[in-house]
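Order-wise, the sequence lines are chains A and B. Sequential numbering of the first sequence, starting at 1, is according to our numbering. Sequential numbering of the second sequence, starting at 1001, is according to our numbering.
The hints are simulated quantities; they were obtained by calculation from the structure and are not laboratory data. Ideal Cβ positions, reconstructed from N, Cα and C, are used throughout, including at glycine. One or more hints might be untrue.
[Stated by the list, open to error] Mimicking SDA-like on lysine to any residue, the simulated pairs with C-alpha atoms at most 25 Å apart in a straight line are:
id	chain 1	residue 1	chain 2	residue 2
1	B	K1032	A	R343
2	B	K1032	A	F161
3	A	K83	A	H28
4	B	K1034	A	E247
[To be verified] These stretches of chain A come out as covered by chain B in the derived footprint (C-beta under 8 Å, 3 or more residues):
id	segment
5	172–180
6	357–369
[To be verified] One-sided excerpt, in silico: chain A residues whose CB lies under 10 Å from chain B:
id	residue
7	D94
8	F96
9	P340
10	E377
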Amino acid sequence: MKLAFVVQRYGLEISGGAELHCRWVAEHMKKHCDIDVLTTRALDYLTWKNHYPKGKEMINEIPVRRFSVSRTRNPGRFGLLQKYILENEHAEEDEFNWLREEGPVCPSLLRYLKKHARDYDYFVFFSYRYYQSYWGVNAVPYKSILVPTAEHDPVIHLRLFKDFFRKPQAFIYNSFEEREMINSLSQNEHVLGDVVGVGSEIPAQCSGQEFRQKYDLWGDYFIYIGRIDENKGCHQLFDYFLRFKKENGSPIKLVLVGSTILKIPSHPDVHYLGFLSEEDKFNALEGALLLVMPSFYESLSMVTLEAWALQKPVLANARCEVLKGQCLRSHGGLFYENYPEFREALGVLISLPELRKGMGANGLRYFNKNYTWEVIENKYLSIINQLEERK
Amino acid sequence: MEKKVKKEIKAGTSIKIDYDNLDVADIMDQIKRKIASQGETPIREEPSVGEYRTVTPSQVQEKLGMEGEQVSGWREKLRWIASKFINPLAPFIKLIVLPVHEEVVRTAQGLHQTNLRLDDELFKAVEYTKLLHNLCHNLVVELSKLKIEEENLKSKTRILEKDFEFLKKREKALEELLLR
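Go ahead and model the full structure; you've got the sequences and the hints to work with.
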């Protein structure tokens, strides 16, 4: 069995998102199938500028074929066009223009897909909204499996995606909410699909104490890990946390880990640590009382799963259907929709260690049942087997 | 410090939790009830989408206006004379200078698409009305048939009732004959 994983970017430097999802799945599936990764030369997701050398290279024993991006993205122009098509009546042609602006425009990759379609049994496309996935699935629909990684993003309602979601042979969803959303948008219930998600590499041992000593951080804290961005709900998190501190006078601290494009509020109990190594990240998570996930749009949230793997409860934004659904199914976390709910839920979690312990245990059970690599690999293999049986 | 810790514990104790069988939905319901009982009206906050900076026509006019105010003396007179000639041509100049052409084309395309869609919807509505009309017609026919059927059944019942009356009378007459 030979599979090609098609993704917009691929490399060890790329952390988070569909790209890391793709790399982890490829690295775990290589023991079951021959895997090739087909990707672009881009590293920067804003401009898609060619960065990596053209051609074939090996990354963690997986052959990676890189194709040149023929047109870089102008974020300003793209922003204006997206705003226009989301807010105005528009023609189908505008949507295709939007897709071209979204990029990464990589015609050589599409030519390769058409030319070498017979060399592969299936093509697994990651992220529905990019140029290579849309035109890639259209080039080889009879061999395509789509991992949409879709969120409640307004662009999913564009007309061009309605038909697109009926074309792949199978879907690998990240969550039940994602499947429901895509089914209701395009009535594609007849297409084979399963909720799979992605596993996580959890270190055998983590030490919160080591983290505290290294960063000289003492006392109780809760943690946010991820890109510090307004779209991730961080602005709201800062606002809520500062109000909580003011009203309750609690000594709890907020630790922030990840790259930032927002101004971090200057407060003695807000600690921004920047981008951390995997080891430090897990140590920080181990030392925390809980993980807060304020994002409005998530298709899975790997860090939430990692928190559960370390038996940490989660406080999530209820506006994100996926996070809320995960909390309700796992019984591993609470959620909030507004400040009073944030205040009460955080208050309950930090004041009741027994509740944290119980939710942490539930989270671990949920993780072991659904997100260990053995489970994920078997689900991928089951979908491929079902497709083979249909042939 | 003690006071603060007490406050936190108080927040937790007002919620009943079954630790052997944690139910997140139940805990969240209790939290919501607690907030409602405190008389707070939570504001639902929408996610903010990054805004893109665009120059509006009013901003352009503002900028032009500000530049005008700085001119004075003979320059102002010259400007006034020039404006007399230029003013009538201003709409054409704006049309050429400002990037409105693309916008006009896009709007026209958008309107055209809307028009097409409206035509489509109208056609669907007409077809739907025709179907409804047919449905109504068929219903009326079926109702008429049923009415006739009902009348038939009624008259049959009346005949049967009469027969029944006659048989009753006959029965009585025969009984009388036998008893004699």
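Now the hints, each set against the structure:
For the given pair, K1032/B sits about 11 Å from R343/A by alpha-carbon distance, which is consistent with the 25 Å threshold. Between K1032/B and F161/A the CA atoms are separated by roughly 37 Å; this puts the pair beyond 25 Å, and the hint is violated. This hinted pair does not check out: K83/A and H28/A have alpha carbons roughly 39 Å apart, beyond 25 Å. About 17 Å separates the Cα atoms of K1034/B and E247/A, which keeps this hinted pair within 25 Å; it holds.
Counting residues of the segment 172–180 of chain A whose beta-carbon sits less than 8 Å from any beta-carbon of chain B gives 0, not enough to reach three: the coverage restraint is violated. With 3 residues having a beta carbon nearer than 8 Å to a beta carbon of chain B, the segment 357–369 of chain A meets the requirement of three or more and the stated coverage holds. Satisfaction of the interface hint for D94/A is found here, the shortest Cβ-Cβ separation to chain B being roughly 8 Å, below the 10 Å cut-off. With a least beta-carbon distance of about 13 Å to chain B, the hint placing F96/A at the interface is violated under the 10 Å criterion.
Restraint check, P340/A versus chain B: the minimum CB separation of about 4 Å is within 10 Å; hint holds. Using the Cβ-Cβ criterion of 10 Å, the hint placing E377/A at the interface with chain B is not satisfied: the shortest such distance is roughly 29 Å.
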